[in-house]
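J.: Each chain, written out:
Number of protein chains: 2
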Amino acid sequence: MNKTSVVLASRPSGDPTAGNFRLETRPVPALEDGQIMVRVIYLSLDPYMRPRMTELKSYTPPFALDAPLTGGAIGEVIESKSDKFAKGDIAMGMFGWETISIVDARGVRKLDAKAAPLTYHLGVLGMPGYTAYWGMLHIGRPKPGETVFVSAATGAVGSLAGQLAKLKGARVAGCAGSDAKCSFAVKELGYDACFNHNARHDYDQALAELCPNGIDVDFENVGGPIFHAVFRKMNDFGRIAMCGAIAEYNDERPQPGPDKMFSIIQRRLKIEGFIVSDHMRDMGEFMRDVPAWIAQGKIHYRETVVQGLEHAPQAFMGLLKGENFGKLIVQVGEAPK
Amino acid sequence: MNKTSVVLASRPSGDPTAGNFRLETRPVPALEDGQIMVRVIYLSLDPYMRPRMTELKSYTPPFALDAPLTGGAIGEVIESKSDKFAKGDIAMGMFGWETISIVDARGVRKLDAKAAPLTYHLGVLGMPGYTAYWGMLHIGRPKPGETVFVSAATGAVGSLAGQLAKLKGARVAGCAGSDAKCSFAVKELGYDACFNHNARHDYDQALAELCPNGIDVDFENVGGPIFHAVFRKMNDFGRIAMCGAIAEYNDERPQPGPDKMFSIIQRRLKIEGFIVSDHMRDMGEFMRDVPAWIAQGKIHYRETVVQGLEHAPQAFMGLLKGENFGKLIVQVGEAPK
Chain V
1 MNKTSVVLAS RPSGDPTAGN FRLETRPVPA LEDGQIMVRV IYLSLDPYMR
51 PRMTELKSYT PPFALDAPLT GGAIGEVIES KSDKFAKGDI AMGMFGWETI
101 SIVDARGVRK LDAKAAPLTY HLGVLGMPGY TAYWGMLHIG RPKPGETVFV
151 SAATGAVGSL AGQLAKLKGA RVAGCAGSDA KCSFAVKELG YDACFNHNAR
201 HDYDQALAEL CPNGIDVDFE NVGGPIFHAV FRKMNDFGRI AMCGAIAEYN
251 DERPQPGPDK MFSIIQRRLK IEGFIVSDHM RDMGEFMRDV PAWIAQGKIH
301 YRETVVQGLE HAPQAFMGLL KGENFGKLIV QVGEAPK
Chain C
1 MNKTSVVLAS RPSGDPTAGN FRLETRPVPA LEDGQIMVRV IYLSLDPYMR
51 PRMTELKSYT PPFALDAPLT GGAIGEVIES KSDKFAKGDI AMGMFGWETI
101 SIVDARGVRK LDAKAAPLTY HLGVLGMPGY TAYWGMLHIG RPKPGETVFV
151 SAATGAVGSL AGQLAKLKGA RVAGCAGSDA KCSFAVKELG YDACFNHNAR
201 HDYDQALAEL CPNGIDVDFE NVGGPIFHAV FRKMNDFGRI AMCGAIAEYN
251 DERPQPGPDK MFSIIQRRLK IEGFIVSDHM RDMGEFMRDV PAWIAQGKIH
301 YRETVVQGLE HAPQAFMGLL KGENFGKLIV QVGEAPK
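Those sequence lines, one after another, are chains V and C.
The letter at position 145 of the first sequence is residue 145 when you use the numbering used here, and the numbering goes up by one with no holes.
The letter at position 54 of the second sequence is residue 54 when you use the numbering used here, and the numbering goes up by one with no holes.
Hints listed in this document are in silico derivations from the structure and should not be mistaken for laboratory results.
Hints may contain errors.
Put simply, identical chains are the same to the list, so a pair is met inside one copy or across any two.
[As the list claims (entries may be wrong)] Pairs of lysine to any residue, SDA-like flavour, derived with a Cα cap of 20 Å:
(1) Lys260 - Arg52
(2) Lys143 - Ala18
(3) Lys87 - Asp33
(4) Lys187 - Ala115
(5) Lys84 - Asn2
In isolation and in its complexed conformation, chain V is listed as follows (with noise of 0.2 Å):
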């Protein structure tokens, strides 16, 4: 038996190009005492993978040169060598970009297919949706009547970061790169106002006018220029939760931060960087409320399916363009039925 999976060739220096992937077929090895061997059915797609690609000294290992690229993912076990799991079994864990995957049984969860759509498992149910919540929550805490601040505001994981401060009470402005996700953001899921970045660019302008209060909670998902304009809006004890630079992780030298840091003592500003796999312990909270407001239509939710493991590298490279609308996912094979 064959697999095709997708193989980082070469590592990308600035934006990605398709000439960094590789798409390969090999045969698939024997399993293992332990290993599971998974039908990949959906492929999450997140920015975070950027910085994997490039050797840095980052929070998880970059990449290997010539091996499959893995990312969070939804499959079907066709082959177990564990106790946990048997055939015919939905499996969410770290895969292969790829049509087949062996993986050990440990740190795969089983999911219930009926519980949820599937694909929500790697969105608004998954590692995004958990993102925003304990970055929003936990680091951002907004209070009735403050102003929040979301970049990538329709994003996976934007868009749950500003309805959850909207259910908190605060108003909520953000950014988006089109005029149709805005329109999304504000019709959708409830923003107070939201700015296209592609379209215009005076920042600090567009800030003034969407948050004439100034700015207390940044939920940060883009870094570069809109950072230093939000950074500039802050409010006296305003709080930062820095969750991800987009803007900046194609960049081959390293941009600067914005101006005069130490008006952060002034302002009492806090920032805070997280990643979520540090808490996943205390995941109950947001297991038990984010099913319940999706139930209740508190909580909207869009995603991109792209089809085609082939896909995945265009529709990488897109991700970091923001041509993706919502939760970004590739559909490698057939869902179940």
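The hints should help you fit chain C onto chain V, whose structure is shown.
T.: Here is chain C on its own, set in the frame of chain V:
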């Protein structure tokens, strides 16, 4: 009766110069109800005064032009229209840079002249000491075996910050502006290592030598290129207590922040700016701990006392260049017998 004052003649642009200050003699106005008249004895000079000389959006309003500068000070009450104070009391508050100051008695504290040397109340037992205490113990929170870095290691704040980190079992490194200060830091204050930032400018290399295991807590007093090098050296889950940025206060154009701020995410750093006056209600522990530690010889303290109000501007300009050694105080009038 006349008083002599140092007034702000013009706002400094870049390094303050003698021309930004003016000595003037005026009649002392009549005392109003609720006020006290104080013969100023000791005046505290602190780096935070520099931003107040410029019209910045800041936590404290800027100093007014052509009015006496103000600061933490100690004096003897020579006339009182307040029930709180009697003639002869020793009082600490925000007084003018002047020989005689008239202030509202609210916010002025009576001192027991026998409890500790009076000047200590402007240093290790006062605002700078509590700043070190709050920042190190509430934000830095060093654990035994961790590495702590303190810039301006022997300054009014840094000298206590470093000693507190040692008391908590951390390895403590710092930098200071002369070999004599570094020697004092290591031999008297108990720092494990200290480098002279005026003698060597290869900060990355210096930190690599002084902090071979990276930095877990940065108590930031200096800002600028030293801060950037420290930022690069921060370990995962590191904490940065942003207390001051003396190297940036004279900048005419704001300096950019450290490169690649988004590594805050990968390293899960926390950066928190603070101003100790926000935390005056929690001063109890500090007032209990630090005098006891001084009495037990666990805390060493050093100050420079400049004689004469007329030398305050020069002493302040020197403070911004690190010319003082330890806490800088101006003696304006005779100490009580």
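J.: If a hint holds in the structure, say so; if it doesn't, say that too.
T.: Verification of the supplied hints:
1. Lys260 - Arg52: Cα proximity of Lys260 and Arg52: across copies only (15 Å, versus 30 Å in one copy).
2. Lys143 - Ala18: neither (45 Å within a copy, 47 Å between copies)
3. Lys87 - Asp33: within (15 Å within a copy, 88 Å between copies)
4. Lys187 - Ala115: Intra 27 Å, inter 66 Å, cutoff 20 Å: neither.
5. Lys84 - Asn2: Close neither inside one copy (25 Å) nor across copies (89 Å); limit 20 Å.
The structure fails hints 2, 4 and 5 (numbered hints given earlier, in ascending order).
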